[in-house]
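S.K.: Taken in order, these protein sequences are the chains called A and B.
Each residue of the first sequence is one higher than the last, beginning at 1 in this note's numbering.
Each residue of the second sequence is one higher than the last, beginning at 1001 in this note's numbering.
Keep in mind that the hints were calculated from the coordinates and are not lab data.
Check before you lean on any hint, since a few could be wrong.
Straight line, CA to CA, 30 angstroms or less: simulated DSS-like cross-link-like pairs of lysine-lysine [what the hints assert, rightly or not]:
1. B:K1141 to B:K1034
2. A:K234 to A:K29
3. A:K359 to B:K1141
4. B:K1105 to B:K1083
5. B:K1144 to A:K359
6. A:K234 to A:K10
All figures in this text were calculated on a predicted structure; none of them were measured in a lab.
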Amino acid sequence: MSMPSSEKKKSGFIQWVDERLPVFTFINKELVDYPTPRNLNYWWNFGSLAGIVLVIMILTGIFLAMFYTPHVDHAFNSVERIMREVNYGWLIRYIHMNGASIFFIVVYIHMFRGLYYGSYKAPRELLWILGVVIFLLMMATAFMGYVLPWGQMSYWGATVITNLFSAIPIIGDPIVTWLWGGFSVANPTLNRFFALHYLFPFLIVGVVFLHLIALHQHGSNNPLGIDAKKPGDKIPFHPYYTVKDLLGLGVLLLVWGTFVFFAPNFFGEPDNYIPADPLITPEHIVPEWYFLPYYAILRSVPDKLGGVVLMFSAVFILTLMPWLDRSPIRSARFRPLYKILFWIFLVNCLILGWVGSQKPEGLPLILGRIATVYYFIHFLGLVPLLNRIERPQPLPDSLQKKSPSVEKSGDCS
Amino acid sequence: MNHRFLREIFIVFLNLLISDEPWANQQPPLPQEKWSFDQVFGTYDRAELQRGFQVYQQVCSTCHGLSHISYRHLKALGFSEAKIKAIAAQKEVQDGVDEEGNPLKRAGKPSDYFPNPFVNEKAARAANNGANPPDLSLIIKARKEGPHYVKALLKGYIEPSVGIQLAPGMSYNLYFSGHQIAMAPPLSDNLVQYADGTPATVDQMAHDVVTFLAWASEPEMEERKHLGVKILTYLLVFTVLMGLVKRRTWRRLEE
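Chain A with its partners taken away, still in its complex shape (with noise of 0.2 angstroms):
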């Protein structure tokens, strides 16, 4: 096809600091050439898009910061200040606080793209673990940041997930103590959650940054799951994908502006409009909508202590799956049984998330247990014994559906 753009002719400075420090290189191979396998579809654009959401968060966040004040007196009204007086600040608010469930949507339609065409396994192992490491600072971050509003969702939200840490024996206690800065979530605990909701999402720019290393040494899975082979297999990241992207990214800003300037408060609770009141409990405290699943298996446990460490498996399970899933077949498509389970258990995951929003007694109750059971079952059970009984339908041996002269892929156009 065309020449590699890296023997292009480069301008003068250009190859002058190229020389002594290879930032064009860097570029040049990881982004312009870098070999991308021609078959991956419309699911493979949610990993960028996760990463621009993460810096438009970022950016935004920063901004936010330049007006908030974390102090129990002021936080609510500063943040009222933000959308009223400051000069396009319900915009940067609104865009942040969405941003939130956009970011949670577009991660979670990655993962469960991991999860169907097998991206977990061998040899991009640590690379999805280190998903889950990014995963799991999100969901730290995104608590954190629905404290400081400050609002009744906020403290009430705050005291029932801080509290949880008190079922661990002896310490719990201590512990629970040690994070608030106290002995209930006040002035102090707002304070660290400011400090550390500003912190974190560097440290996930930090994995990230190991995360696409480690995407970056074996290159992409594709829909098929199998290696590429053939020439033409890969096709250059730059403009094929690049342009891809964009694409994906007008889809992704219009969903977002519309939720931004017509539903921005879509994703909230009312509740959080109200100031945080210690002395009044809100009827029904709920998280937001992306922790649902979660609290639903939280919640399902009779034991506090049992929910808990229950809640924390259900997450840290899914480092184990490049082990659980023992079939050496990668993609859900050549996989008739695994397919089967792959939507059971997204469609139990839905289940979870709707038992989360309701209150735990009669219905809801029992189905989140016999969901949260299954949650299990999957990863424990019908997963690893999927091997023995499955029988996988046979590899193409091209990422190219037939020859490439002869037919136009169909997830190409």
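Following the hints, put chain B in place on chain A, whose structure we already have.
M.R.: Just chain B, lined up with the frame of chain A:
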């Protein structure tokens, strides 16, 4: 264990089928009203805003603060600078101290925020049968289905059904959680006299004041929607262009 589990399921289904208990204490569904600020292109009706402000000033403000709103914000209601100055000057505010350290009072200015009706929460509770009248700056955003809820609440005072005992000084409201509310019915026909001659029915006043409070909750709404249409249009063009560029670029692979 299996037995207990099955029994639990059975009991739940039985409950769902025969018991009306879960619904007994709930509020009926809120009447769905039409608002000038609904939909993508909805804006606040200026006449409704001004009338709603009048209702707030003459009725609500006796007990409810509006602490995030300043007089200068009233420009958005369509009031002139002079009118805003006159409105602000009606209130006396405390500002600074004299040479002997005594607090000074002066007439309100457009830059002042709406004063709170009570000096603190205790005073508010003492004057209101133990209840603390919430600040109304964010009330529409702070309630589920805010506009519908607040209007329904304002009109929701009915005679309690037989057998319901209200605590002294409390009222029965169809839409209030638990139905027992410390706020006496705030509106009655012709309670205010509208400057524009609109008949001041309870429904009209409730509608106007909700529109005003919706503005107080989201004063940026009109600018937000306006900017949103522009930005989304731009993004749509960008996305379509990128779609075309993507298609053209990828066609190269087929060669």
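S.K.: Going through the earlier hints one by one, which of them does the structure break, listed in rising order?
M.R.: none
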